[in-house]
Amino acid sequence: PSRSVTTNYLMLNRTLMLLNLPRHLSNVFALLEQAAIVRNIGVLRAWKLFFVMALAGHWCGCGFFLVAKGQALRGNPYTWPEALGIYLVTDTQGTVEMV
9 PSRSVTTNYL
19 MLNRTLMLLN
29 LPRHLSNVFA
39 LLEQAAIVRN
49 IGVLRAWKLF
59 FVMALAGHWC
69 GCGFFLVAKG
79 QALRGNPYTW
89 PEALGIYLVT
99 DTQGTVEMV
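Quick note, my numbering runs 8 ahead of the 1-based positions in the sequence shown.
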C-alpha cells in the first residue's frame, strides 16, 4: 500500500529513537561488566563509534537518494537509483514509480 508524503514525514520521528542506541549499548555493557565478561571501556567506545558511523552513513545515503529522486522528479534524464532499478520514471512529467 502506498503512503502519503505526510505519513512518510511523520514516520521519520521513529528515527529519532535511534539516538537512544548509545544509552542502550551502555546498559548492555554495564551488565556485561557486572558479569565480568567485558572489562575494557575501549570496547564500549569502539562499539559506540561503530554505531554512530553506521547511523551517519545511513542518513547520508538517504540524503543522496532524496536528492536523486528530486532530480528525477524535475526531469533529469537518468539518475543513479534509476540505473540500479530502485525506481522508474514512467512519463515525461516526472512521475516516479518505485520498483
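You may find that some hints are simply not true.
[To be verified] So the derived label-pair ranges between C-beta atoms look like this:
| id | residue 1 | residue 2 | range |
| --- | --- | --- | --- |
| 1 | L81 | L18 | 28 to 36 Å |
| 2 | P85 | R53 | 21 to 29 Å |
| 3 | V51 | M19 | 46 to 54 Å |
| 4 | A38 | F73 | 32 to 40 Å |
| 5 | R82 | V51 | 41 to 49 Å |
| 6 | R82 | L57 | 33 to 41 Å |
| 7 | L18 | V60 | 23 to 31 Å |
| 8 | Q42 | G71 | 36 to 44 Å |
| 9 | G71 | L18 | 15 to 23 Å |
Simulated from the structure, these hints should not be mistaken for laboratory data. Cβ atoms here follow ideal geometry from the backbone N, Cα and C, with glycine treated the same way.
Comparing the hints with the structure gives:
1. Between L81 and L18 the CB atoms are about 21 Å apart, so this pair departs from the stated range of 28 to 36 Å.
2. In this structure the supplied range 21 to 29 Å is violated for P85 paired with R53, their Cβ-Cβ distance being about 46 Å.
3. Taken as a hint, the range 46 to 54 Å is violated for the pair V51 and M19, whose Cβ atoms sit roughly 34 Å apart.
4. Checking the proposed 32 to 40 Å range against A38 and F73 shows it holds: the Cβ atoms sit about 37 Å from each other.
5. Between R82 and V51 the beta carbons are some 47 Å apart, a value that agrees with the proposed interval 41 to 49 Å.
6. A hinted range of 33 to 41 Å for the beta carbons of R82 and L57 is consistent with their spacing of about 38 Å.
7. Distance hint check for L18 and V60: the Cβ-Cβ separation is about 25 Å, which falls inside the suggested range of 23 to 31 Å.
8. Our hint of 36 to 44 Å for Q42 and G71 holds, since their Cβ atoms are close to 40 Å apart.
9. Distance hint for G71 and L18: a CB-CB separation of about 19 Å, consistent with the stated range 15 to 23 Å.
Hints 1, 2, 3 from the earlier list are contradicted by this structure; the remaining hints agree with it.
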